[in-house]
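Chain B: place on chain A using the hints.
Protein chains in written order, with my numbering: chain A, 1 to 416; chain B, 1 to 306.
Some clues are possibly wrong.
[What the hints assert, rightly or not] Here are the simulated SDA-like pairs of lysine to any residue, each with C-alpha atoms no more than 20 Å apart in a straight line:
#1 122/A / 61/A
#2 122/A / 298/B
#3 225/A / 112/B
#4 112/B / 145/A
[Unchecked claim] Here chain A is said to cover these stretches of chain B; the calculated rule only asks that three of the stretch's residues, wherever they fall, bring their Cβ under 8 Å from a Cβ of chain A:
#5 202–212
#6 250–261
[Claimed, not checked] Short derived list, chain A residues pointing at chain B, Cβ under 8 Å:
#7 141
#8 239
#9 369
Hints were generated in silico from the structure; no laboratory data involved. Where a beta carbon is used, it is the ideal one built from N, C-alpha and C, also for glycine.
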Amino acid sequence: MVKIRLTLATSLALYSFMFVSSVACLVFQPDLGIIAPVWEAALLIATLATVISFWTAGNIPRNKARLLAVGLLFSIAVLLLVFTGTLYPEFVIKRPLGMGVSLGYSFILSGLIFVASILGIKDAINILYGYSAKGREVLVFLAIRLSAVLALLILGGILFTIVYKGIWVISWEFLTEPHRRLGQSGGISTAIVGSLWMVLGAMVVSAPLGIGAAIYLHEYSRNIKLNRIITIAVSVLNGVPSVVFGLFALAFLVTIFGVSLLTGSIILGLINIPTIILTSQEALKSVPNSLREGSMALGATKWQTIKKVVIPSAMPGILTGIIMGVAKASGETAPIMWTAVTFTATPVQMIYGFIPNVFQPVNNLDYHLLNLIYFLGAWDVEANAWGTALVLIALVLGTNMLAIIVRNHYRKKISW
Amino acid sequence: MPWCMDLPGMRLLHEIEERSIEAVLFFSAIASIFVMLLIFYFLIHESFRAFAEVGFIPLLFGEKWHSAGDIYGMMPLIVDSLIITILALFINILIGFPLAIYLAELAGPRSKAILKPAIELLAGVPSIVYGFLGVIILVSYLQDSLDMLTGRSILAGAILLGIMFIPYLTTICEDALRAVPSEFKEGSLALGANRWQTIRHVTIPAASSGITAAVLLNIGGIIGETMAVLLVVGNVARVPSPIFDIFDQGATFTSVIAGEMGEVARGSLHYHVLFAVGFVLLIVVSILSIIADLARARIRKKFGGY
Numbered sequence: 001m002v003k004i005r006l007t008l009a010t011s012l013a014l015y016s017f018m019f020v021s022s023v024a025c026l027v028f029q030p031d032l033g034i035i036a037p038v039w040e041a042a043l044l045i046a047t048l049a050t051v052i053s054f055w056t057a058g059n060i061p062r063n064k065a066r067l068l069a070v071g072l073l074f075s076i077a078v079l080l081l082v083f084t085g086t087l088y089p090e091f092v093i094k095r096p097l098g099m100g101v102s103l104g105y106s107f108i109l110s111g112l113i114f115v116a117s118i119l120g121i122k123d124a125i126n127i128l129y130g131y132s133a134k135g136r137e138v139l140v141f142l143a144i145r146l147s148a149v150l151a152l153l154i155l156g157g158i159l160f161t162i163v164y165k166g167i168w169v170i171s172w173e174f175l176t177e178p179h180r181r182l183g184q185s186g187g188i189s190t191a192i193v194g195s196l197w198m199v200l201g202a203m204v205v206s207a208p209l210g211i212g213a214a215i216y217l218h219e220y221s222r223n224i225k226l227n228r229i230i231t232i233a234v235s236v237l238n239g240v241p242s243v244v245f246g247l248f249a250l251a252f253l254v255t256i257f258g259v260s261l262l263t264g265s266i267i268l269g270l271i272n273i274p275t276i277i278l279t280s281q282e283a284l285k286s287v288p289n290s291l292r293e294g295s296m297a298l299g300a301t302k303w304q305t306i307k308k309v310v311i312p313s314a315m316p317g318i319l320t321g322i323i324m325g326v327a328k329a330s331g332e333t334a335p336i337m338w339t340a341v342t343f344t345a346t347p348v349q350m351i352y353g354f355i356p357n358v359f360q361p362v363n364n365l366d367y368h369l370l371n372l373i374y375f376l377g378a379w380d381v382e383a384n385a386w387g388t389a390l391v392l393i394a395l396v397l398g399t400n401m402l403a404i405i406v407r408n409h410y411r412k413k414i415s416w
Numbered sequence: 001m002p003w004c005m006d007l008p009g010m011r012l013l014h015e016i017e018e019r020s021i022e023a024v025l026f027f028s029a030i031a032s033i034f035v036m037l038l039i040f041y042f043l044i045h046e047s048f049r050a051f052a053e054v055g056f057i058p059l060l061f062g063e064k065w066h067s068a069g070d071i072y073g074m075m076p077l078i079v080d081s082l083i084i085t086i087l088a089l090f091i092n093i094l095i096g097f098p099l100a101i102y103l104a105e106l107a108g109p110r111s112k113a114i115l116k117p118a119i120e121l122l123a124g125v126p127s128i129v130y131g132f133l134g135v136i137i138l139v140s141y142l143q144d145s146l147d148m149l150t151g152r153s154i155l156a157g158a159i160l161l162g163i164m165f166i167p168y169l170t171t172i173c174e175d176a177l178r179a180v181p182s183e184f185k186e187g188s189l190a191l192g193a194n195r196w197q198t199i200r201h202v203t204i205p206a207a208s209s210g211i212t213a214a215v216l217l218n219i220g221g222i223i224g225e226t227m228a229v230l231l232v233v234g235n236v237a238r239v240p241s242p243i244f245d246i247f248d249q250g251a252t253f254t255s256v257i258a259g260e261m262g263e264v265a266r267g268s269l270h271y272h273v274l275f276a277v278g279f280v281l282l283i284v285v286s287i288l289s290i291i292a293d294l295a296r297a298r299i300r301k302k303f304g305g306y
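If we strip away everything but chain A, and leave its shape as in the complex, we get (with noise of 0.2 Å):
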């Protein structure tokens, strides 16, 4: 551990200070009469001890001093600019270079607060392992993990914003009642019941396919030039952008089907094969060739091989593939938006009580939350729309969390 000084610690802990509430300030956007004085202090501190801990440091070589002018320039330009008063409350630059924004005083003052801590930090951080490799090494680290720990504060405020806010709304009736007045009231069963449908449909189609293909691609295929074309094809597949496949969808399916959930199903199936013939292709590979050396020199056939011995042995893999899937699958919105589904309020017809009429569009509830969204600024849709979006990525992750648990379980379990 390195020995750090008062001054230095100083500098650091005011830097730090700064850094943090720079950024809560960009994000809330709150007054910043208390603070604004608070930071002009700091920074002026924190810019002292800085030099004076640079002087003092006995390790550094003088012709560094060329590195700490860059955030020393940029922090006496800010304190400057603030104590002249060029920088008061009132200011603000508007339309600069013909653009359509206007920058206030809070945003220009909170970021320059940022740009200056970030400098600061470099430089003490620097000064304080006397600007070796170890110092950098250090700087870099601490970067990778702030950008880290921002990553997950994004992603995590996303989960929580949407459970936080769509939690009120969820009710018994929420989720068993057709809406009512264009989604006002009223619940989204008929949005539940044709997801349900569309993925099951959608998984009837890719399911075999995805994993007949991945089988013949790693037990029989010995065609090395047929093999690379299926898989530029399937890498291709899986890239075409979802919208592209609802136009093929309009072109094609919707000609011969109508708008259906027919047509939903089968589209939402050509979707997913690409998953479900990479994670099925990843199983088989795991299984070791001398689990089907032993059952072919037992007589077994080559089908009875892969049926008895290859596809249980990767049936973890191949389950974690199906449910990767449906997530995926319960997930679209662009496909279907012409091709199968209405913002119905009707339940999905059943033929003989159990099978879906699969020729009539269905409601869905990437189709309903999408509604609701272009409602907004109209009706007071707001509420049953975070609770929509909540039940689907409730749907969603909660199938993604099942395939993680799958394919953890297993990935302990099986040992070979």
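Here is chain B on its own, set in the frame of chain A:
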């Protein structure tokens, strides 16, 4: 009873079963090629009329997109998509790449056990939910704090997409960093380099083709992402003036298709033009996917296994 296995009829039956199953599996394997060809066929077929009527060059590089007047030129879409993609990629790499380094090199087993599944989970959040949050939170934040005319802007789209694709970039980059054999790193550390110097000069260069593949796949994803962009970008197809005005409203390939396809008459010129936009998008994304695939094949050759 070993003799019954040798019955010629039994063997024939097995033979037939084996062959027919192989045939079925073969067809499901070439199904993806078939689907790919079908998609290309239908997009070319439906966009043909647009290219024929408007003209190839005017449609691709025309500077005005004005659907009410039946004037179609994709230049605004190209410019806006390009700006959004570059900005989003910048945000995406700035946050996602350090996160990948953290996961692959720095994180302890316990924080990794929490972080990795969390990131995988977040990759599954549907884009419509991101769009909803973008409308409610991001757009109103920009509108208030930057005093913009409307928060729906190119910038909003770029920020939203940048955040949305962090999990994808992180997952693939982390795999690439992890695929670098530990002998490389140990050699570097043994020579006296510290951990950062090792990451900077050994691990990242060795993983560069994987990182390239990740970035290319992410570009493809960002260009192709629809719902989130549709809701926050404003959907006004014009080249921003001045060109760096990211606070202006814009429209991308995907947002134009998703925003306008619902209202066009089937078979009209507008309908075919939207297919042409989709076709251009498909070509761009397919090229990116193929290059990314080649880059990944190169890693497999270099280190064996991925």
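Comparing the hints with the structure gives:
1. 122/A / 61/A: 17 Å, holds
2. 122/A / 298/B: 38 Å, violated
3. 225/A / 112/B: Distance ~39 Å between residue 225/A and residue 112/B Cα, so the pair is violated.
4. 112/B / 145/A: 13 Å, holds
5. 202–212: It is violated: at least three residues are needed, and the segment 202–212 of chain B offers just 0 whose Cβ sits closer than 8 Å to chain A.
6. 250–261: Three-residue rule met by the segment 250–261 of chain B, so holds; n is 4.
7. 141: This interface hint holds because 6 Å falls under the 8 Å limit.
8. 239: Result: holds, 4 Å to nearest chain B Cβ.
9. 369: Holds, because the Cβ-Cβ distance from residue 369/A to chain B comes to roughly 5 Å (cut-off 8 Å).
Taken one by one, the earlier hints fail for this structure at numbers 2, 3 and 5, listed in ascending order.
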